[in-house]
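From just these sequences and the hints, can you work out the full model?
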Amino acid sequence: HRKLLNPAFSQLVVDGFQGVFNSQARRLVKVMETEVGKGPFDHWTYTRRNALETICLTALGVEFSENSVLNSQYEHAVEQMFNVMVERFQKFWLHNDFLYNWSNLKKKQEICLKILHNMSNTVLKTRKAAYLNNQKNGIEASTDTKFKAFLDLLLELSKEKGAFSDLEIREQVDTMIAAGHETSANVLMFTLVMIGSYPEVQKRIFGE
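Numbered by the numbering used here, the letters in the sequence shown go through residues 22 to 229 in order.
Be aware that one or more of the hints could be misleading.
Stated by the list, open to error - Below 25 Å or equal to it, Euclidean Cα-Cα: the simulated PhoX-like pairs (lysine-lysine) are: (1) LYS146 <-> LYS135; (2) LYS24 <-> LYS169; (3) LYS135 <-> LYS157; (4) LYS129 <-> LYS24; (5) LYS112 <-> LYS146; (6) LYS157 <-> LYS169; (7) LYS51 <-> LYS224; (8) LYS128 <-> LYS149; (9) LYS59 <-> LYS169; (10) LYS180 <-> LYS146; (11) LYS128 <-> LYS112; (12) LYS169 <-> LYS146; (13) LYS112 <-> LYS127; (14) LYS146 <-> LYS157; (15) LYS149 <-> LYS24; (16) LYS128 <-> LYS157; (17) LYS182 <-> LYS149; (18) LYS180 <-> LYS169; (19) LYS182 <-> LYS157; (20) LYS149 <-> LYS169; (21) LYS24 <-> LYS180; (22) LYS169 <-> LYS182; (23) LYS182 <-> LYS146; (24) LYS149 <-> LYS180.
Bear in mind the hints are in silico, worked out from the structure with no lab data behind them.
As structure tokens, this is what we get:
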């Protein structure tokens with residue numbers, strides 16, 4: 022499916038979301054202002070939430086709100102899921118599927134997956150309903166940009182070419198949300214650490 026999906030990741034498309042990126046950057050600065058003057062703090066919490074919001078606004082075309090399915094429970098489930106994978110990798114006896122399926126770690130994984138799939142299913146159901154409604158009324162789906170969201174492209178390919186089933190779309194959504202926001206949040210977190218470690222560079226950046 023790579024050839025079908027490549028257009029969604031072109032530089033032109035990424036540039037089209039600059040407005041969202043700028044808005045989210047300002048939002049991150051605003052929420053982190055509450056930590057000013059309080060000394061060292063864990064900014065991972067802020068960068069992770071911001072990256073999650075951004076990936077949903079751009080790739081999925083879903084508006085974020087504090088009362089939506091994007092909540093601390095989902096964020097915690099993503100973190101726990103990564104911990105499960107690391108722990109299984111470290112314990113060689115759990116590499117065996119038979120033993121792993123009877124372990125407490127497997128039960129923990131199932132709980133996390135239920136939360137993650139509930140999130141992706143909700144997003145998919147909401148966006149699919151909006152997409153079909155827009156198709157019926159002959160209008161383009163709106164993402165506040167001139168480009169289609171990644172999820173809209175998946176839905177279009179599914180409807181017009183039969184390229185994806187709902188399950189395959191959900192898997193793509195799972196990957197995009199979990200892996201996409203995690204890597205972006207990490208890059209942003211380490212960038213802030215580096216900037217904070219070199220005050221003279223920080224002054225030059227602020228000046229620019």
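Outcome of the hint check:
Taking the CA atoms of LYS146 and LYS135, the gap is about 16 Å. The hint holds against a cut of 25 Å. Proximity of LYS24 to LYS169 is assessed by CA-CA distance (about 16 Å); at most 25 Å being required, the pair is judged to hold. For the hint pairing LYS135 with LYS157, the CA-to-CA distance comes to about 32 Å; that exceeds 25 Å, so the pair is violated. The hinted pair formed by LYS129 and LYS24 fails the criterion: a straight-line CA distance of about 36 Å is larger than 25 Å.
Between LYS112 and LYS146 the alpha-carbon distance is near 37 Å, which puts this suggested pair outside the 25 Å criterion. Proximity of LYS157 to LYS169 is assessed by CA-CA distance (about 17 Å); at most 25 Å being required, the pair is judged to hold. Taking the CA atoms of LYS51 and LYS224, the gap is near 19 Å; set against the 25 Å cutoff, the hint holds. Among the hinted pairs, LYS128 with LYS149 is inconsistent with the structure: their alpha-carbon atoms are about 31 Å apart, more than 25 Å.
Of the supplied pair hints, the one linking LYS59 and LYS169 is violated, its CA atoms being roughly 42 Å apart against a limit of 25 Å. A distance of roughly 14 Å separates the Cα atoms of LYS180 and LYS146; the hinted pair therefore holds under the 25 Å criterion. Using a Cα cut-off of 25 Å, the hinted pair LYS128 and LYS112 holds, with the two alpha carbons roughly 16 Å apart. The hinted pair formed by LYS169 and LYS146 meets the criterion: a straight-line CA distance of about 17 Å does not exceed 25 Å.
Taking the CA atoms of LYS112 and LYS127, the gap is near 13 Å; set against the 25 Å cutoff, the hint holds. For the given pair, LYS146 sits about 16 Å from LYS157 by alpha-carbon distance, which is consistent with the 25 Å threshold. Of the supplied pair hints, the one linking LYS149 and LYS24 holds, its CA atoms being roughly 22 Å apart against a limit of 25 Å. For a cut-off of 25 Å, the pair hint linking LYS128 to LYS157 is broken: about 43 Å separates their Cα positions.
Taking the CA atoms of LYS182 and LYS149, the gap is about 16 Å. The hint holds against a cut of 25 Å. The suggested pairing of LYS180 with LYS169 holds, with an alpha-carbon distance near 15 Å, which does not exceed 25 Å. For the given pair, LYS182 sits about 18 Å from LYS157 by alpha-carbon distance, which is consistent with the 25 Å threshold. With a C-alpha separation of about 13 Å, the suggested pairing of LYS149 with LYS169 holds against the 25 Å cut-off.
Distance hint between LYS24 and LYS180 is fulfilled; the C-alpha atoms sit about 17 Å from each other, no more than 25 Å. Between LYS169 and LYS182, the direct Cα distance comes to roughly 17 Å. Compliance with the 25 Å bound is thereby established for this hinted pair. A threshold of 25 Å between alpha carbons decides the hint, and for LYS182 with LYS146 the separation of about 20 Å falls inside it, so the pair holds. With a CA separation close to 10 Å, the supplied pair LYS149 and LYS180 stays within the 25 Å bound.
Taken one by one, the earlier hints fail for this structure at numbers 3, 4, 5, 8, 9, 16, listed in ascending order.
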